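S.K.: Here the protein sequences come in this chain order: A and B. With the first letter of the first sequence counted as 1, position 451 gets the number 451 in the working numbering; the numbers rise by one all the way through. Count along the second sequence from 1, add 1000, and you get the number used in the working numbering.
Hints are computed from structural coordinates only; laboratory data are not their basis. Hints may contain errors.
[Stated by the list, open to error] In silico lysine-lysine, DSSO-like type, Cα no more than 30 angstroms apart, as pairs:
{"no.": "1", "chain 1": "A", "residue 1": "270", "chain 2": "B", "residue 2": "1153"}
{"no.": "2", "chain 1": "A", "residue 1": "270", "chain 2": "B", "residue 2": "1414"}
{"no.": "3", "chain 1": "A", "residue 1": "83", "chain 2": "B", "residue 2": "1241"}
{"no.": "4", "chain 1": "A", "residue 1": "355", "chain 2": "B", "residue 2": "1414"}
{"no.": "5", "chain 1": "B", "residue 1": "1308", "chain 2": "B", "residue 2": "1228"}
{"no.": "6", "chain 1": "A", "residue 1": "208", "chain 2": "B", "residue 2": "1059"}
{"no.": "7", "chain 1": "B", "residue 1": "1239", "chain 2": "A", "residue 2": "83"}
{"no.": "8", "chain 1": "B", "residue 1": "1153", "chain 2": "A", "residue 2": "326"}
{"no.": "9", "chain 1": "A", "residue 1": "208", "chain 2": "A", "residue 2": "163"}
{"no.": "10", "chain 1": "A", "residue 1": "260", "chain 2": "B", "residue 2": "1153"}
{"no.": "11", "chain 1": "A", "residue 1": "239", "chain 2": "B", "residue 2": "1347"}
{"no.": "12", "chain 1": "A", "residue 1": "283", "chain 2": "B", "residue 2": "1153"}
{"no.": "13", "chain 1": "B", "residue 1": "1118", "chain 2": "B", "residue 2": "1059"}
{"no.": "14", "chain 1": "A", "residue 1": "376", "chain 2": "A", "residue 2": "326"}
{"no.": "15", "chain 1": "A", "residue 1": "268", "chain 2": "B", "residue 2": "1414"}
{"no.": "16", "chain 1": "A", "residue 1": "352", "chain 2": "B", "residue 2": "1287"}
{"no.": "17", "chain 1": "B", "residue 1": "1228", "chain 2": "A", "residue 2": "239"}
{"no.": "18", "chain 1": "B", "residue 1": "1156", "chain 2": "A", "residue 2": "429"}
{"no.": "19", "chain 1": "B", "residue 1": "1347", "chain 2": "B", "residue 2": "1183"}
{"no.": "20", "chain 1": "A", "residue 1": "239", "chain 2": "B", "residue 2": "1229"}
{"no.": "21", "chain 1": "B", "residue 1": "1244", "chain 2": "A", "residue 2": "208"}
{"no.": "22", "chain 1": "B", "residue 1": "1228", "chain 2": "A", "residue 2": "83"}
{"no.": "23", "chain 1": "B", "residue 1": "1239", "chain 2": "A", "residue 2": "239"}
{"no.": "24", "chain 1": "A", "residue 1": "268", "chain 2": "B", "residue 2": "1239"}
{"no.": "25", "chain 1": "A", "residue 1": "59", "chain 2": "A", "residue 2": "43"}
{"no.": "26", "chain 1": "B", "residue 1": "1156", "chain 2": "A", "residue 2": "281"}
{"no.": "27", "chain 1": "A", "residue 1": "429", "chain 2": "B", "residue 2": "1414"}
{"no.": "28", "chain 1": "A", "residue 1": "283", "chain 2": "B", "residue 2": "1414"}
{"no.": "29", "chain 1": "A", "residue 1": "208", "chain 2": "B", "residue 2": "1237"}
{"no.": "30", "chain 1": "B", "residue 1": "1160", "chain 2": "A", "residue 2": "326"}
Values in this document were obtained by computation on a predicted structure and should not be read as measured data.
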Amino acid sequence: MAIVDNPRTLDLDDIQGMVSKGYGKLYKTAYFFLKVDEAKKAKLWLKEIAPFIDSANIKNTSEKTLHLAFTPSGLSKLGLSQKNIDAFPTSFVEGVSTENRNRILGDYGDSDPQNWRWGAQQSDLDILLIFHASSVESLNAFIEEQKGIIEDNGGITIVTELKGFLTEDNKEPFGFHDGISQPIIKGSGRPGPENDIVETGEFLLGYKNEHGQYPFSPLLEENQGNLTLLADDIAGSGKKDLGRNGTFMVFRQMEQHVDKFWNSMEEKTKNEDGSVNEDAKIKLASKCIGRWPSGASLVNFPDADPGGSLDNDDFSYADHDPDGLKCPFGSHLRTNNPRDSFRWYNKEQSLKVSKRHRIIRRGRSYEMPVNGNEDKKEVGLQFICFNTNIELQFEFIQHAWSNNNQMRHLSNDIDVIIGVPPENDPNNKNVQFTVQAEPVNEYYDGWERFVTIKGGEYFFFPSISVINFLSTL
Amino acid sequence: MVIQNPVSLQIPLIQSHVDKVTEVLHQGGKGNPCLEEGVFPFQKLESVHFGRWIIIPAKGSLPASLFYAANIDGTAENHLNEIVTNIPEGLDKILEHCPDYPVGDARNKTSRLNYLKKYEIKTQGFYTGAPNRTVKQVHQEAALHQAIKSYIKDNKGRWKNAKDAFSAIKERFKNDKQWDWAKERYELPKVNIPATILFVLLMLILLPFILFAILMIRLFYEPREHPKKLSQNQIPKEKLKALKNQEDIIYQNQLSQVFDTKTGLRRIMLRFLLWSTTKASRYIFVKGQLFGTPTIHFARWVLVDNGKRFIFFSNFDGSFDEYLGDFVDNNGWGLNLIYGAAKGYPKTYFMIGGGSYKILEFMGWGRNTQVPSHIWYSAYPWYGQQQIVSKTILRTEIFNSKTLNEKEARNILKDI
Ligand code: HEM
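Looking at chain A on its own, in the form it has when it is part of the complex (with noise of 0.2 angstroms):
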């Protein structure tokens, strides 16, 4: 696939770095879910750190990054008119947890929202603050200096704590290259392989999307604050746009159950005599994924990981692997992103619609002591992805694809990584994974959930200039 130039259109100085930036040398994180306890101060505090935010200028290459996001409650605590965030898409306005929600992203039984540590609008989450720095005594630093700066402040206060990391060959907890797949923002001025390029209004609100129209951004419906820091609505209403160069987070805490993941792979590809088969249970493993632990794709490398650490993105289905006998149709790679061969459609209608469902993601490894315990670890990711269109986008990848048994010809089949079965469904116990093979294909049985959800929720993500604005309300 040929690299294609993607000019610069952007203002890359007003969008929050995090959008277009891996920070992949930024090894260590941290999130901080803030309350607001006093207005006023807080938004004397939003003023105060607004300057240190990242932006997504490449030129910009601190040691050390900052990003905020908001929930409602912290959009209607800082002052911003209930009319106004009703004029935010009701994705956002409902939060991550609702009947209908909880069923399309398969949060039932142990993922249970009533179950988790934060979110789904239990407890005081207003404003999230992302911290990203090179090594553990820099975050160390930087965090101190910001808690430091919040206490001084004293309208806020700190909710909970979480931790993040990536490690330095980007390897998940289950022990495969993550962040490779990546869509590239139109307009961001890095170039990349042609069907990466997606266009704007995909991942920022105020430009069009892969459908030739604006997205659904939240438009100020009632005057209040600094208007001349806000842009016009693009599409002609006479309105202020709130959602120019920003655009909506996902965030889940994800644990994963490594040792399951490992056993079950293991039990399924037992030699005859019982034995354990190394290289057989790797094989499932990467076809679970849809690349080898090395990052390498199963397109270019069907038959064994050619090892090292392999980023590459460069290839597609429909020409190299059609009948899915490289990369599973069911692997956690191809239902979630399809590229160029979706259902029995030609190239560019798949291409067309895999554009319109991808998802930038921000994803990093976490680990944390169980109960306080610090023998015992739960590991996991901080599974973070920015969309403009929550329901088009993540939802529909894990609702519509992840969790659909029933993708292609596959009849109880789901992505076994993230993939749910409906609650009800009387099969949901004996969901299958099978590997097109020939002479005929292969399946797998018996699988347990690898994954569970420990937390949630949506959040804004706005400019930096609407973050500006917000502390003028």
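Fit chain B with the ligand to the supplied structure of chain A, relying on the hints for placement.
M.R.: Okay, now just chain B with the ligand, sitting in the frame of chain A:
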């Protein structure tokens, strides 16, 4: 061969009973999806693929009415008979709220049947995703598919090539009495070529009139259409919530919409387009896709209240957003042609442009015109439309066909 048919009943309501009958149907939300037997146990009707009871709300001078819709095997006559025979009590509980429903001694099988027949109306537009299959057949073929899969799994590594594997499977299943039903000859629905040619010819003959109509609509109708541009976010929150609370519970979902019909040429064109869609569905779209959309089990359009309003009902796989998005991706222009006749539809251009392509506005319109399906039933709540189609294909390959060469065998095996 059994053909699926639509049954549509529009039954008047005693206007002061609308709330009461809503409660009877709604059953505290248990009616949709109707997984257990409730007030109207569809489970007792063998011929039903999908069924629903809704209330068409009163609007202006048009009164509220009840609407019953079912997609059935065989004839409407048989189906109505099945209802009055198998669920008379349930029927009474609902129809007690309708004017002149027989009471006391006058209420019996015949009088009930006559009452139903009196309100049967024509279904102008109808699409079947998996034509010519009975409910029973759908279930049987699913069981066969499952058994074949298990057999392949149990024999992992045994076959050297696809041909051997296919012969072994064939042998195994042909010789098992349990699957005797599958030996009965079954022809997959085929595109009806003579009918298609006639249909296309007719369209060509009518083309000048169609183009003229499009031009007239462009000149005299579209400029006067000023829909409210609502997105889903601007639909009253309570309404949206009530609708969503009944969605995404089983593999399929339902959509019931009620529209006010535009007048004049728009209304005439609507009748013509629904007629064409029905014909095209019977003769051309017989392989599981309606204009490329592969997730629709059944869909219907019915003119009600003397054409002043029309309804759209569908049974589909996936969520509301997925379904409407899929439709727009595949044939937004087809949606525009038909729904352009509905008041409030996003502005069209030359009947086919605009409209649904304004996807947010289109989805908002979709929600705004949606009404709750108080009772909604699926005979096979966990089967996707394409799976139903491909399981029939597998059955015919195993039981009807001759010996296959390697490539043909591989083509079948890869989809199991
Ligand atoms: C603990 C949970 C998860 C694990 C262990 C995991 C792991 C991975 C890995 C190893 C890759 C391949 C690396 C890459 O291509 O970047 C990947 C790709 C991907 N994942 Fe996940 N993931 C998880 C959750 C999710 C969730 C919740 C979603 C969205 C609903 C998601 C969406 C994707 C997408 C879109 C890709 C890229 C596919 C492509 O573009 O080809 N993942 N994931």
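S.K.: Now tell me, hint by hint, if it's right for this structure.
M.R.: Evaluation of the provided hints:
1. A:270 with B:1153: Holds - the C-alpha atoms of residue 1153 (chain B) and residue 270 (chain A) are around 15 angstroms apart, at most 30 angstroms.
2. A:270 with B:1414: Answer holds: residue 270 (chain A) to residue 1414 (chain B) is near 25 angstroms, not above 30 angstroms.
3. A:83 with B:1241: Satisfied, since the Cα-Cα distance of roughly 19 angstroms is no more than 30 angstroms.
4. A:355 with B:1414: Holds - the C-alpha atoms of residue 1414 (chain B) and residue 355 (chain A) are around 27 angstroms apart, at most 30 angstroms.
5. B:1308 with B:1228: Distance of about 20 angstroms is within 30 angstroms: holds.
6. A:208 with B:1059: violated (38 angstroms)
7. B:1239 with A:83: holds (18 angstroms)
8. B:1153 with A:326: holds (19 angstroms)
9. A:208 with A:163: Violated: residue 208 (chain A) and residue 163 (chain A) sit about 35 angstroms apart, past 30 angstroms.
10. A:260 with B:1153: holds (23 angstroms)
11. A:239 with B:1347: The given pair, whose Cα atoms are some 22 angstroms apart, holds under the 30 angstroms limit.
12. A:283 with B:1153: This hinted pair holds, its Cα atoms lying about 19 angstroms apart.
13. B:1118 with B:1059: holds (23 angstroms)
14. A:376 with A:326: violated (37 angstroms)
15. A:268 with B:1414: holds (21 angstroms)
16. A:352 with B:1287: Holds, because 23 angstroms separates the two Cα atoms, which is no more than 30 angstroms.
17. B:1228 with A:239: holds (17 angstroms)
18. B:1156 with A:429: Satisfied, since the Cα-Cα distance of roughly 22 angstroms is no more than 30 angstroms.
19. B:1347 with B:1183: violated (53 angstroms)
20. A:239 with B:1229: holds (15 angstroms)
21. B:1244 with A:208: holds (28 angstroms)
22. B:1228 with A:83: Holds, because 19 angstroms separates the two Cα atoms, which is no more than 30 angstroms.
23. B:1239 with A:239: holds (26 angstroms)
24. A:268 with B:1239: violated (48 angstroms)
25. A:59 with A:43: Holds, because 28 angstroms separates the two Cα atoms, which is no more than 30 angstroms.
26. B:1156 with A:281: holds (17 angstroms)
27. A:429 with B:1414: With a Cα-Cα distance of about 24 angstroms, the restraint between residue 429 (chain A) and residue 1414 (chain B) holds, given a limit of 30 angstroms.
28. A:283 with B:1414: Holds, because 20 angstroms separates the two Cα atoms, which is no more than 30 angstroms.
29. A:208 with B:1237: holds (27 angstroms)
30. B:1160 with A:326: Holds: residue 1160 (chain B) and residue 326 (chain A) sit about 19 angstroms apart, inside 30 angstroms.
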